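Produce the complete structure using the sequences and hints provided.
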Amino acid sequence: MAGKIVADQLEHSTAGTVDTQFVVNGSAKVLCTFNGTASGATVRTSFNVSSTDDDSTGQYGVNFTNAMSGTEFTPTGSNIGDSTTSLRTLGIVAGLNANTSSSINFATTEADGTGAYVDWTHVNTVVHGDLA
Amino acid sequence: MASILKVDTITGVATAGSIAVTGEGNSTTTNLQQGLAKGWLNFDATGTVEARDSFNVSSMIDSATGQFGCNISNNMNNANPMAMYDANGSSDGYNLTSGETLGGNGPRAAIVFQTASQFKFHVYNDSYIDGNHNNVGIWGDLA
Chain A
1 MAGKIVADQL EHSTAGTVDT QFVVNGSAKV LCTFNGTASG ATVRTSFNVS
51 STDDDSTGQY GVNFTNAMSG TEFTPTGSNI GDSTTSLRTL GIVAGLNANT
101 SSSINFATTE ADGTGAYVDW THVNTVVHGD LA
Chain D
133 MASILKVDTI TGVATAGSIA VTGEGNSTTT NLQQGLAKGW LNFDATGTVE
183 ARDSFNVSSM IDSATGQFGC NISNNMNNAN PMAMYDANGS SDGYNLTSGE
233 TLGGNGPRAA IVFQTASQFK FHVYNDSYID GNHNNVGIWG DLA
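Chains A and D, in that order, give the protein sequences. Residues in the first sequence are numbered from 1 upward in steps of one, following our numbering. Residues in the second sequence are numbered from 133 upward in steps of one, following our numbering.
Derived from the structure by calculation, the hints contain no laboratory data. Please read all numbers here as calculations on a predicted model, not as lab measurements. Using N, Cα and C, we set each Cβ at its ideal position, and we do this for glycine too. Please note: incorrect hints may appear among the correct ones.
From the structure, some residues in chain D lie toward chain A, with a derived Cβ separation under 10 Å [to be verified]:
#  : residue
1  : Met133
2  : Ala134
3  : Gly144
4  : Gly157
5  : Ser159
6  : Asn163
7  : Leu164
8  : Gln166
9  : Asn210
10 : Met214
11 : Ala242
12 : Ile243
13 : Gly272
Which chain D residues face chain A? A few, computed with CB under 10 Å, are given here [to be verified]:
#  : residue
14 : Thr141
15 : Gly155
16 : Asn158
17 : Gln246
18 : Trp271
Structure, rendered in structure tokens:
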């Protein structure tokens, strides 16, 4: 049977004490790493993600299983061009449309100054904020 | 009255590696293990590449100017964790995060290689350079 512990702090014997508010507020609520070059933005690893949208070249959406409490949460992102040591594929992840409580929409672009939308092989996004 | 839970390890009952935490709005739960960062690193690359502070990082890699990496203590469960990297403040004080420099051959910082136990990062501003503030975050499932 599952149990429930209600506590304001967690104390480790050597590592210190943390207020449980940091566990609740500080945990990432959404993680998603996907292949932007594949049709459908194929997910490699995710947490609290119901689906991804492949809207167009370099334009994606990530939809949440459990919604956030509003739209003022914090999504961040990065990308990796490929699994080599080449620098040729570094790019930028940027918000494309306004957040909703259950999704984010963003684009990945060239880092060459053109701002062109580009599909990268590893696109990463993480969301922090309050769940509904 | 504040309550303090004194423990060294928290383990789920039904599944050892899965504990639900009630969310801020009290209407749903989030998974404790999956939401936690599994590694983070702040390092100085201007001289000997060394960590200022870190979590779950066992050693640093200094491949060449502007080319670094780290090995982690507890491996991820596959080669597809989610990692982010940024760098700023090279030895000459140049701010790599300035938005005006993102075009052309301007500053770029990125993770360029990853396995379940190792990550490599590059920082570039017309050529590879050593920044004095480099930050890495790692999320995903531990082995």
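Now the hints, each set against the structure:
Interface restraint check for methionine 133/D: the shortest CB-CB distance to chain A comes to about 9 Å, inside 10 Å, so the restraint holds. At about 4 Å, the closest approach between the beta carbon of alanine 134/D and any beta carbon in chain A falls short of 10 Å, and the interface hint on this residue holds. Interface restraint check for glycine 144/D: the shortest CB-CB distance to chain A comes to about 8 Å, inside 10 Å, so the restraint holds. This hint holds: glycine 157/D has a C-beta 4 Å from the nearest C-beta of chain A, less than the 10 Å allowed.
The interface hint given for serine 159/D holds, since its Cβ lies 5 Å from the closest Cβ of chain A, which is under the 10 Å cut-off. For asparagine 163/D, the interface hint holds, the least distance from its beta-carbon to any beta-carbon of chain A being 7 Å, beneath 10 Å. For leucine 164/D, the interface hint holds, since its Cβ comes within 10 Å of a Cβ in chain A; the closest pair sits about 7 Å apart. Annotation: glutamine 166/D was flagged as interfacial toward chain A, and the flag holds, the nearest CB pair being 4 Å apart, inside 10 Å.
With its C-beta approaching chain A no nearer than about 7 Å, asparagine 210/D sits inside the 10 Å limit, and its interface hint holds. Interface hint status for methionine 214/D: upheld, as the beta-carbon distance to the closest one in chain A is roughly 4 Å, under 10 Å. A cut of 10 Å between beta carbons decides the hint on alanine 242/D: the least distance to chain A is about 5 Å, and the hint holds. At a threshold of 10 Å, the smallest CB-CB gap from isoleucine 243/D to chain A is about 5 Å, leaving the interface hint in force.
About 5 Å separates the beta-carbon of glycine 272/D from the nearest beta-carbon of chain A, less than 10 Å, and the hint is met. Hint status for threonine 141/D: holds, given a least beta-carbon distance of 9 Å to chain A, under 10 Å. Checking glycine 155/D against chain A: minimum C-beta separation of about 3 Å stays under 10 Å; hint holds. Because the smallest distance between the Cβ of asparagine 158/D and any Cβ of chain A comes to about 9 Å, under 10 Å, the interface hint for this residue holds.
Contact between glutamine 246/D and chain A, as hinted, is supported at the beta carbon level, the nearest pair being about 7 Å apart and thus within 10 Å. Interface hint at tryptophan 271/D: satisfied, since its Cβ lies 5 Å from the closest Cβ of chain A, which is below the 10 Å cut-off.
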